[in-house]
Amino acid sequence: MSAWATLRSLIAGLVRRDRVELDLADEVDFHLDTRVQDLIRRGLAPAEARRRARLEFGSIERYKEDVRRARGLRLVDELRADLLYGWRALRRSPGFTLVAAVSLALGVGANTLVFSLLDATLLKPLALPDPDRLVAIWTVPADNPDQLNTSSIPRYFAVRDQAQSFEAIGAFNGAACGVKTLGFDRDGVAAERILGQTVSPTMFRTLAVQPIMGRTFTDAEDQVDQVASVVLLSYRSWQRRFAGDREIVGKTVTLDRAPTTVIGVLPEHFDFFGEDREFFAPLCLTRAQVESRVGANTIVARLKPGVSMVQAQAELDAMAERLATADPARHQGLRLRAESLKRSSARLLNINAQPSGDYGASLMMLQGAVVFVLLIACANVAGLLLARGASRRHEIALRMALGAGRGRIIRQVLTESMPLAALGASFGVLLAWLGLKALSSTVPEGVPHLDAISLDLRVLLFTAGLTLITSLLFAVIPAIHVSRIGTSWRPTQATTWSAEHQRMRTVLVSGQMGIALVLLVGAGLMIHSFVRVLANDLGAESDQRPDVRLSLACTRVVQRTGDVPGVGAVRSEPGSGPDDRTRLREIAERPWCPVRCCSELAAVRRAGIRHALSGRREAIAHDGHGRRPAKRATDDGLLCGHLGIFQRDEHPTAAWT
Amino acid sequence: MPEEAALLPGTLDLLILKAVSLAPEHGYGVLLRIEQITGGALLVEQGALYPALARLEHQGLLDAEWGTSDNNRRAKYYRLTAAGRRRLKSETDRWSRLAVAMSRALSAQGA
Numbered sequence: 196m197s198a199w200a201t202l203r204s205l206i207a208g209l210v211r212r213d214r215v216e217l218d219l220a221d222e223v224d225f226h227l228d229t230r231v232q233d234l235i236r237r238g239l240a241p242a243e244a245r246r247r248a249r250l251e252f253g254s255i256e257r258y259k260e261d262v263r264r265a266r267g268l269r270l271v272d273e274l275r276a277d278l279l280y281g282w283r284a285l286r287r288s289p290g291f292t293l294v295a296a297v298s299l300a301l302g303v304g305a306n307t308l309v310f311s312l313l314d315a316t317l318l319k320p321l322a323l324p325d326p327d328r329l330v331a332i333w334t335v336p337a338d339n340p341d342q343l344n345t346s347s348i349p350r351y352f353a354v355r356d357q358a359q360s361f362e363a364i365g366a367f368n369g370a371a372c373g374v375k376t377l378g379f380d381r382d383g384v385a386a387e388r389i390l391g392q393t394v395s396p397t398m399f400r401t402l403a404v405q406p407i408m409g410r411t412f413t414d415a416e417d418q419v420d421q422v423a424s425v426v427l428l429s430y431r432s433w434q435r436r437f438a439g440d441r442e443i444v445g446k447t448v449t450l451d452r453a454p455t456t457v458i459g460v461l462p463e464h465f466d467f468f469g470e471d472r473e474f475f476a477p478l479c480l481t482r483a484q485v486e487s488r489v490g491a492n493t494i495v496a497r498l499k500p501g502v503s504m505v506q507a508q509a510e511l512d513a514m515a516e517r518l519a520t521a522d523p524a525r526h527q528g529l530r531l532r533a534e535s536l537k538r539s540s541a542r543l544l545n546i547n548a549q550p551s552g553d554y555g556a557s558l559m560m561l562q563g564a565v566v567f568v569l570l571i572a573c574a575n576v577a578g579l580l581l582a583r584g585a586s587r588r589h590e591i592a593l594r595m596a597l598g599a600g601r602g603r604i605i606r607q608v609l610t611e612s613m614p615l616a617a618l619g620a621s622f623g624v625l626l627a628w629l630g631l632k633a634l635s636s637t638v639p640e641g642v643p644h645l646d647a648i649s650l651d652l653r654v655l656l657f658t659a660g661l662t663l664i665t666s667l668l669f670a671v672i673p674a675i676h677v678s679r680i681g682t683s684w685r686p687t688q689a690t691t692w693s694a695e696h697q698r699m700r701t702v703l704v705s706g707q708m709g710i711a712l713v714l715l716v717g718a719g720l721m722i723h724s725f726v727r728v729l730a731n732d733l734g735a736e737s738d739q740r741p742d743v744r745l746s747l748a749c750t751r752v753v754q755r756t757g758d759v760p761g762v763g764a765v766r767s768e769p770g771s772g773p774d775d776r777t778r779l780r781e782i783a784e785r786p787w788c789p790v791r792c793c794s795e796l797a798a799v800r801r802a803g804i805r806h807a808l809s810g811r812r813e814a815i816a817h818d819g820h821g822r823r824p825a826k827r828a829t830d831d832g833l834l835c836g837h838l839g840i841f842q843r844d845e846h847p848t849a850a851w852t
Numbered sequence: 005m006p007e008e009a010a011l012l013p014g015t016l017d018l019l020i021l022k023a024v025s026l027a028p029e030h031g032y033g034v035l036l037r038i039e040q041i042t043g044g045a046l047l048v049e050q051g052a053l054y055p056a057l058a059r060l061e062h063q064g065l066l067d068a069e070w071g072t073s074d075n076n077r078r079a080k081y082y083r084l085t086a087a088g089r090r091r092l093k094s095e096t097d098r099w100s101r102l103a104v105a106m107s108r109a110l111s112a113q114g115a
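Order-wise, the sequence lines are chains A and B.
With my numbering applied, the first sequence covers 196 to 852.
With my numbering applied, the second sequence covers 5 to 115.
Don't read these hints as lab results, they were simulated from the structure.
Predicted, not measured: the structure shown is a model, and the values here were computed from it.
Treat each hint with caution, since some may be false.
Said to hold, decoys possible - Sample of chain A residues facing chain B (criterion: CB under 7 Å; computed from the structure):
id, residue
1, Thr201
2, Ser204
3, Glu216
4, Ala220
5, Phe225
6, His226
7, Glu251
8, Phe252
9, Glu256
10, Val262
11, Ala265
12, Arg266
13, Phe567
As the list claims (entries may be wrong) - Pairs of lysine to aspartate or glutamate, EDC-like flavour, derived with a Cα cap of 20 Å:
id, chain 1, residue 1, chain 2, residue 2
14, A, Lys259, B, Glu95
15, A, Lys319, A, Glu486
16, A, Lys259, B, Asp74
17, A, Lys499, A, Glu387
18, A, Lys632, A, Glu516
19, A, Lys259, B, Asp97
Just so you know, even glycine gets a beta-carbon here, dropped at the ideal spot from N, CA and C.
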């Protein structure tokens with residue numbers, strides 16, 4: 196016998212259930228009619244022939260039922276009947292349905308929401324070739340290996356030139372030279388500020404990303420103090436700003452008033468640095484950076500095939516020792532730490548910021564907490580179902596008297612619970628969707644890969660599985676309970692049943708209390724750790740006082756920052772920024788002018804300037820794309836920003852995005 | 005129906021397979037064929053035929069197809085599949101061995 200034939204027959208029966216019934220009726224009719232004809236031919240009167248045919252056939256309905264059972268359709272029919280019955284019961288008692296569904300919706304919704312975050316940040320692999328071999332290499336203080344910091348350029352160079360465990364090593368910088376002005380105002384086209392990313396020439400090789408046209412940077416294009424004027428365009432930028440011009444490679448665009456050559460276009464789905472990056476430029480290293488002990492460079496490396504993380508870490512440990520001995524001024528007291536890039540990118544609240552607390556671990560804890568919420572919801576609904584079970588004693592006793600076994604009753608109650616679970620889950624998904632929308636509008640830069648978070652198929656599958664488990668969870672106790680009624684139940688026995696009912700409720704209520712308590716404690720810890728993650732713990736070290744460099748246009752701000760507690764000496768360092776005269780002219784000509792000092796800003800802020808600025812009422816913020824004020828410009832959740840000098844006001848003020 | 009022998013369990017399936025193996029038949033035809041090949045000695049309650057047919061079809065031993073009958077009506081015709089043919093052979097062998105053993109045993113006692 197072939198199992199395949201059986202499966203096919205079952206599926207055919209399920210898919211064309213009404214067809215099966217029609218065919219069965221036809222077949223029986225054909226049999227009876229033909230038999231009647233035969234009997235008439237043998238001399239019976241038509242009425243008698245019909246009677247005989249029916250008699251010989253036996254119970255039509257019984258045999259039809261046997262046929263259904265033989266085709267394996269009976270179980271399916273019963274399931275369907277139970278589901279329908281459950282659905283009708285829900286409609287009969289809208290109050291119960293509403294309370295139970297809302298209860299479940301909260302649980303399922305919270306789980307779906309947190310899982311979608313977890314999935315996007317931790318579970319989904321990075322959309323890069325062979326992502327398991329990608330690691331981030333951080334600089335950590337020797338006495339606190341958990342405090343991950345970005346690395347200085349000398350450190351990056353050392354790792355790049357000496358480490359043997361890696362196939363390729365690259366670095367990207369926290370937006371130094373990452374904001375540029377595209378075009379000229381006086382060309383008749385409004386100049387626009389666009390966001391880009393500076394990367395080492397080796398970065399794309401490390402990530403194993405090939406441009407769809409043109410090439411990536413060469414080492415010669417990233418020499419200290421003489422960066423070549425070349426850019427790679429993101430796919431989106433190429434499509435949007437240059438209408439997908441096939442001849443774009445080799446053309447010149449105006450970036451920061453300087454002619455810049457487009458050397459390539461990156462693939463459509465390359466969004467590792469965020470979807471808002473429109474161009475990629477070389478690191479634009481300055482002599483000062485090359486000599487500095489600190490820097491905002493994130494090192495990314497690709498492990499050689501067969502080299503384990505442990506081996507790589509051992510090599511980095513030895514290297515850190517060596518560096519500290521050879522060049523104590525720049526490397527003493529610092530170690531190197533490798534971590535999977537996936538894990539690291541979950542730590543980064545913003546890809547260009549300092550790594551913050553362990554966002555991923557917090558999410559996992561949050562997931563644990565919301566599972567408890569769901570358990571409580573299940574306990575609630577179980578309690579409600581149990582209470583409702585009291586009114587079902589007649590029905591259950593009748594079913595059992597008619598021949599339903601305990602197993603059948605349990606199955607019925609479990610199946611009946613599914614429409615309720617499905618209803619709760621639908622509301623839950625809706626809640627999660629609303630939650631995600633709210634989240635993305637209030638935390639524009641708070642969460643890594645926020646744009647990648649969505650209620651996709653994986654998340655919905657998770658929710659479906661969760662719903663099934665939920666429905667079993669909340670219905671199993673009422674089901675077992677109700678099945679104990681048996682056929683012997685009489686209205687007079689209501690009291691004993693009630694006593695048992697009471698016992699069950701006590702179990703449920705105490706369970707609920709216990710879970711709630713655990714949840715409270717868990718949630719408290721949870722919130723505590725989240726606050727720590729978001730509380731701006733950027734790891735400023737007292738011995739690593741940032742050397743803040745701002746261009747001349749920022750000078751007046753810098754003078755103010757001198758008054759800010761935590762900021763040490765402020766000195767003017769002419770020539771370190773872009774051409775000062777150009778800057779000043781820009782200020783004179785335009786209502787506002789962006790200043791490229793993002794990485795410096797991060798440093799300034801770490802020193803405490805942010806609090807001083809954000810307290811000022813005239814601080815105007817823009818969202819990095821235009822001049823719209825950003826909602827939470829002065830809130831704590833913002834990390835790296837762009838400083839704008841606003842000429843509108845009498846006093847130039849700084850703004851944060 | 006006192007003159008008809010009651011069916012042993014499992015015999016109906018075998019009889020159906022045998023009846024259908026001779027030529028594709030509709031349900032009523034299978035019944036007539038069984039009546040004919042058993043000389044009317046074995047008779048089932050007619051309705052019982054259909055669950056058995058459905059079971060055999062579900063197991064992949066029979067294939068069913070709608071066709072037109074002699075009296076010009078839509079009828080469901082059953083045909084033996086390759087698996088059904090193998091099953092018929094193995095069941096026939098088993099039945100023959102059993103029948104030989106049984107009749108030998110019973111005749112030994114009866115003599």
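A quick look at each hint next to the structure:
Below 7 Å, beta-carbon pairs count as interface contacts, and A:Thr201 has one with chain B at about 6 Å; its hint therefore holds. Interface restraint check for A:Ser204: the shortest CB-CB distance to chain B comes to about 5 Å, inside 7 Å, so the restraint holds. A hinted interface residue such as A:Glu216 counts as satisfied when its beta carbon comes closer than 7 Å to some beta carbon of chain B; here the least separation is about 13 Å, so the hint is violated. Interface hint status for A:Ala220: violated, as the beta-carbon distance to the closest one in chain B is roughly 11 Å, over 7 Å.
Below 7 Å, beta-carbon pairs count as interface contacts, and A:Phe225 has one with chain B at about 5 Å; its hint therefore holds. Because the closest C-beta pair between A:His226 and chain B is about 5 Å apart, less than 7 Å, the hint holds. This hint holds: A:Glu251 has a C-beta 5 Å from the nearest C-beta of chain B, less than the 7 Å allowed. Because the beta carbon of A:Phe252 sits about 5 Å from the nearest beta carbon in chain B, less than 7 Å, this interface hint is met.
About 10 Å separates the beta-carbon of A:Glu256 from the nearest beta-carbon of chain B, more than 7 Å, and the hint is not met. Using the Cβ-Cβ criterion of 7 Å, the hint placing A:Val262 at the interface with chain B is satisfied: the shortest such distance is roughly 4 Å. With its C-beta approaching chain B no nearer than about 4 Å, A:Ala265 sits inside the 7 Å limit, and its interface hint holds. About 5 Å separates the beta-carbon of A:Arg266 from the nearest beta-carbon of chain B, less than 7 Å, and the hint is met.
Hint status for A:Phe567: violated, given a least beta-carbon distance of 46 Å to chain B, over 7 Å. Annotation: proposed proximity of A:Lys259 to B:Glu95 is violated, straight-line Cα distance about 27 Å (limit 20 Å). Of the pairs offered as hints, the one joining A:Lys319 and A:Glu486 is violated, with about 38 Å between alpha carbons and a cut-off of 20 Å exceeded. Proposed proximity of A:Lys259 and B:Asp74 is contradicted: the alpha carbons are some 25 Å apart, above 20 Å.
Proposed proximity of A:Lys499 and A:Glu387 is contradicted: the alpha carbons are some 42 Å apart, above 20 Å. Only pairs whose Cα atoms come within 20 Å are accepted, and A:Lys632 paired with A:Glu516 is rejected, the gap being roughly 48 Å. Taking the CA atoms of A:Lys259 and B:Asp97, the gap is near 32 Å; set against the 20 Å cutoff, the hint is violated.
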